[in-house]
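Participant: Here's the letter readout for the chains.
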Amino acid sequence: MRIESAAKLESYRTSLVESQDPDRQKILVCGGTGCLSNGSMEVAHVFEEELKAQNLKANVDVKMTGCHGFCERGPLVVFLPQGVFYERVGPKQVPDIVKSTLVEGGVFKKNLYKDPNTKKEILSEENIPFYKGQLRWVLRNNGKIDPTNIDEYIAVGGYGALARALSDMTPSEVVEEVEKADLRGRGGGGFPAGRKWRTVIDAEGERKFIICNGDEGDPGAFMDRSIMEGDPHSVIEGMIIGAYAIGTDTGYIYVRMEYPLALKNLKKALDDAREMGFLGKNVLGTDFSFDIEIVRGGGAFVCGESSALMASIMGKVGEPRAKYVRSAEKGLWDLPTNLNNVETWANVPLIIGRGADWFTSVGTDTSKGTKVFSLVGSVKNVGLVEVPMGYTLRQIIYDIGGGILNDRAFKAVQTGGPSGGCIPEKYLDTKVDFDELTKLGSMMGSGGMIVMDDQTCMVDIAKYFINFLVDESCGKCVPCREGLRQMLIILERITSGEGKDGDIELLEDLGGAMTWGSLCALGGSAANPVISTIKYFRDEYEAHIKEKRCPAGVCPDLIEFSIDKDACIGCTRCAKVCPVSAIAGENKKPHTIDKSICIRCRACYEVCPTDAVRIT
Amino acid sequence: MSYNPAFVENVINSFGSEKSRIIQMLQDIQSEYRYIPREAVAQLSETLDIPEPQIYHIATFYKAFSLEPRGRHEIKVCLGTACHIKGGKRIAEGFERSLNVKAGKTTSDKMFTLETVNCLGACALAPLVQVDEDNHGKMTMEKIERVINAYINNK
Ligand SMILES: Cc1cc2nc3c(=O)[nH]c(=O)nc-3n(C[C@H](O)[C@H](O)[C@H](O)COP(=O)(O)O)c2cc1C
Ligand code: SF4
Ligand code: SF4
Ligand code: FES
Ligand code: FES
Chain A
143 MRIESAAKLE
153 SYRTSLVESQ
163 DPDRQKILVC
173 GGTGCLSNGS
183 MEVAHVFEEE
193 LKAQNLKANV
203 DVKMTGCHGF
213 CERGPLVVFL
223 PQGVFYERVG
233 PKQVPDIVKS
243 TLVEGGVFKK
253 NLYKDPNTKK
263 EILSEENIPF
273 YKGQLRWVLR
283 NNGKIDPTNI
293 DEYIAVGGYG
303 ALARALSDMT
313 PSEVVEEVEK
323 ADLRGRGGGG
333 FPAGRKWRTV
343 IDAEGERKFI
353 ICNGDEGDPG
363 AFMDRSIMEG
373 DPHSVIEGMI
383 IGAYAIGTDT
393 GYIYVRMEYP
403 LALKNLKKAL
413 DDAREMGFLG
423 KNVLGTDFSF
433 DIEIVRGGGA
443 FVCGESSALM
453 ASIMGKVGEP
463 RAKYVRSAEK
473 GLWDLPTNLN
483 NVETWANVPL
493 IIGRGADWFT
503 SVGTDTSKGT
513 KVFSLVGSVK
523 NVGLVEVPMG
533 YTLRQIIYDI
543 GGGILNDRAF
553 KAVQTGGPSG
563 GCIPEKYLDT
573 KVDFDELTKL
583 GSMMGSGGMI
593 VMDDQTCMVD
603 IAKYFINFLV
613 DESCGKCVPC
623 REGLRQMLII
633 LERITSGEGK
643 DGDIELLEDL
653 GGAMTWGSLC
663 ALGGSAANPV
673 ISTIKYFRDE
683 YEAHIKEKRC
693 PAGVCPDLIE
703 FSIDKDACIG
713 CTRCAKVCPV
723 SAIAGENKKP
733 HTIDKSICIR
743 CRACYEVCPT
753 DAVRIT
Chain B
991 MSYNPAFVEN
1001 VINSFGSEKS
1011 RIIQMLQDIQ
1021 SEYRYIPREA
1031 VAQLSETLDI
1041 PEPQIYHIAT
1051 FYKAFSLEPR
1061 GRHEIKVCLG
1071 TACHIKGGKR
1081 IAEGFERSLN
1091 VKAGKTTSDK
1101 MFTLETVNCL
1111 GACALAPLVQ
1121 VDEDNHGKMT
1131 MEKIERVINA
1141 YINNK
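Chains as they are written, first to last, in my numbering: chain A, 143 to 758; chain B, 991 to 1145.
No lab work stands behind these hints: they were computed from the structure. Nothing here was measured: the structure is a model prediction, and the numbers come from that model. Backbone N, C-alpha and C define an ideal beta-carbon position, used for all residues, glycine too. Heads up, a few of these hints could be off.
To give an idea of the interface, some chain B residues facing chain A are shown, with a C-beta separation under 10 Å as derived from the structure [claimed, not checked]: (1) Cys1073; (2) Arg1080; (3) Met1101.
Restricting the straight-line Cα-Cα distance to at most 20 Å, the calculated cross-link-like pairs of lysine to aspartate or glutamate (EDC-like) are [unchecked claim]: (4) A:Lys406 with B:Glu1022; (5) B:Lys1133 with A:Glu748; (6) A:Lys718 with B:Glu1132; (7) B:Lys1128 with A:Glu634; (8) B:Lys1079 with A:Glu650; (9) A:Lys458 with B:Glu1008; (10) A:Lys410 with B:Asp1018; (11) B:Lys1079 with A:Glu634; (12) A:Lys406 with B:Asp1018; (13) B:Lys1079 with A:Asp595; (14) A:Lys406 with B:Asp1122; (15) A:Lys406 with B:Glu1123.
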């Protein structure tokens, strides 16, 4: 069916809403990657079977949705209209859940979320601390609608912003609205989207292009994935509005090939949008025509960088080029090209649909709206978190994240991926926005937030990022290629106990040279993790160099494992898991480690139920 | 799987023999054979009029491609940041020891190819190991043998 005008879209939407019964029993099963990995597909299937077996099928719909954000607790299942939220649902519990919730009209307590502090069960999503402080704008539909069904997107008002733009606004009014909303790019640098669009509009060229960057290379970040998988139409709608504003008929979505579900759901969404007349010739019956093609990324971090990404779309090796001329002016095939991130595009329908004033009512002076973070690492509530710009790190990590895992001590939070840095405890009350994090020597980046406790070695983390970038540098420019290699050599020396006086200063000098001399932002920001860890954790570097000691107990060359006789209950688990048979001992008697054989793999430390294995 | 020129021809045609789609074509070939056979490079070069070295340059630049045949099962140990701080590196070393093969290589019985990768995008499940299409979240040293055996037993 094609929808030929804004009015027809509205009447179609009304008919969809009217045909829905708000009281109808629904079971929403999370079909995001996290929950699927934990078996949510089978859970959904068993729900279907169980409903049939109990003769309830006719009155209940089972629906697979996108990611709810609380992936670690998956598979998640929500019952509507009751609003009951179940976590860690396995196929075995399904019959009990159905019986308690649908037949007896109560709840099945075992799979309810329990507050880790009060140990009390919490019934509904809104009351769980993880969700309470969030403001879900971009993730508005994630976990609520079936991403493979365009009608569900339309029923919640989807494509309404597009209809508004096409029928009530000129292209330049659309750009003005985005400028007024002060939308800054969510992919890393925070460049104002409206200004970029304006440059493309003003640039000379017989054709123009737009691109959605769905490469999401930052390790520890998965929000773009969840949006593409869980609400692909919001990205597509944003791109169509952008195409209308900029005046182009061709768009690309560049998705990394590691995201098969995102590729599948985007493809289905594009087909459906085309069939309904939101894409293709004469969008919504107007003169405007536009279509989108999906391009699969080849799995190279540097391909997320704008000029490398464009090279990759053109079938070349994904190497960045020097930006004497911006891609906005000469991008794909040397024509003006506008590149924005997934989350940036998903914000566009919100701005056009509800207006810039509504959008700017939330945020800080320089950063408006919300930001989605992937809160991972040593934090209790791991998952995707969307909050207004300006929330403090403490609010995100402690109120929403529930604090540090196992109540250990907070050490640092890493933001901004390999271009970012580590922020220590004394800045936990910093308001998170583009500029505040940059002031601390880190970056907002794409929104990865990796929480680290006192068992994380900051020199090891710096080495980790440099090692990552050595692999990922395209090698085209010398400061980046050679600078990274030298940094890695120095960091390896320090972590293996061979560090020398002057190494820290050498790292700082190298970092400076790379920042100034590199061709693209990969090299330009590569030193950030090193510089920020030196700045805030210099004593830890010094402990490695001067005392040959790793205070966090991480660097294998600087630690030793032993077993505390008094704490050991002789369960033999450590001996079983030790890969080199370094552990001896009889059942129910204290065990011992032969340090000359031990390869310090940490396996015994991980498995010991009584913390008898000690690291010194 | 033996090389089939008709398959590659189909792939090329599905992109309208458009040179700029070379990466996509290589991806489709990689999905079919799980590596890029030399014959395919020759055929692409011939049909699309792209020099072979240029195709090899692309095939070695992007991590998606392998120029060597892979094992029956591909094990990817995530070394993204979230997985790193939860011990991803130790897990990778554990797999290396258990399979007696270095990361990046294939076991001599051609059963497993072991790889380390940068973030699989399911960081909430860290440390994460992916075998073929299956994600194994919250991996521990103790679970390694079990995961390997599950794939040996049902080949
Ligand atoms: C090495 C490198 C990797 C990048 N990777 C990504 C990425 O994976 N996703 C992304 O959206 N932007 C990435 N960027 C930023 C893009 O170059 C670009 O600025 C951004 O996609 C523009 O979109 P925005 O203005 O909406 O943020 C990367 C930049 C660099 C230097
Ligand atoms: S650290 Fe590893 S090698 Fe050393 S005793 Fe423990 S399990 Fe064995
Ligand atoms: S795992 Fe811990 S308690 Fe069990 S034998 Fe080893 S050291 Fe002792
Ligand atoms: S995948 Fe289910 S909550 Fe994220
Ligand atoms: S860091 Fe391992 S999945 Fe993201």
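Participant: Now look at each hint and say whether the structure bears it out.
Facilitator: Verification of the supplied hints:
1. Given the 10 Å rule on beta carbons, the hint for B:Cys1073 holds: about 8 Å separates it from the nearest Cβ of chain A.
2. Nearest Cβ of chain A to the Cβ of B:Arg1080: about 5 Å, under the 10 Å cut. The hint holds.
3. Because the beta carbon of B:Met1101 sits about 20 Å from the nearest beta carbon in chain A, more than 10 Å, this interface hint is broken.
4. At most 20 Å may separate the alpha-carbon atoms for a hinted pair to count; A:Lys406 and B:Glu1022 meet this at roughly 18 Å.
5. Annotation: proposed proximity of B:Lys1133 to A:Glu748 holds, straight-line Cα distance about 12 Å (limit 20 Å).
6. As the CA atoms of A:Lys718 and B:Glu1132 are separated by approximately 9 Å, the hinted pair is consistent with the 20 Å bound.
7. Our distance criterion of 20 Å between C-alpha atoms is broken by B:Lys1128 and A:Glu634, whose separation comes to about 28 Å.
8. At roughly 27 Å between alpha-carbon atoms, B:Lys1079 and A:Glu650 are farther apart than 20 Å, so this suggested pair is violated.
9. Using a Cα cut-off of 20 Å, the hinted pair A:Lys458 and B:Glu1008 holds, with the two alpha carbons roughly 13 Å apart.
10. For the given pair, A:Lys410 sits about 19 Å from B:Asp1018 by alpha-carbon distance, which is consistent with the 20 Å threshold.
11. Of the supplied pair hints, the one linking B:Lys1079 and A:Glu634 holds, its CA atoms being roughly 15 Å apart against a limit of 20 Å.
12. Among the hinted pairs, A:Lys406 with B:Asp1018 is consistent with the structure: their alpha-carbon atoms are about 15 Å apart, no more than 20 Å.
13. Under the criterion of a C-alpha separation no larger than 20 Å, the hint pairing B:Lys1079 with A:Asp595 is consistent with the structure, at around 18 Å.
14. Note on A:Lys406 and B:Asp1122: the hinted pairing holds, with a Cα-Cα distance of about 17 Å set against a maximum of 20 Å.
15. In summary, the hint linking A:Lys406 to B:Glu1123 is supported, as the alpha carbons are separated by about 14 Å, within the 20 Å threshold.
The structure fails hints 3, 7 and 8 (numbered hints given earlier, in ascending order).
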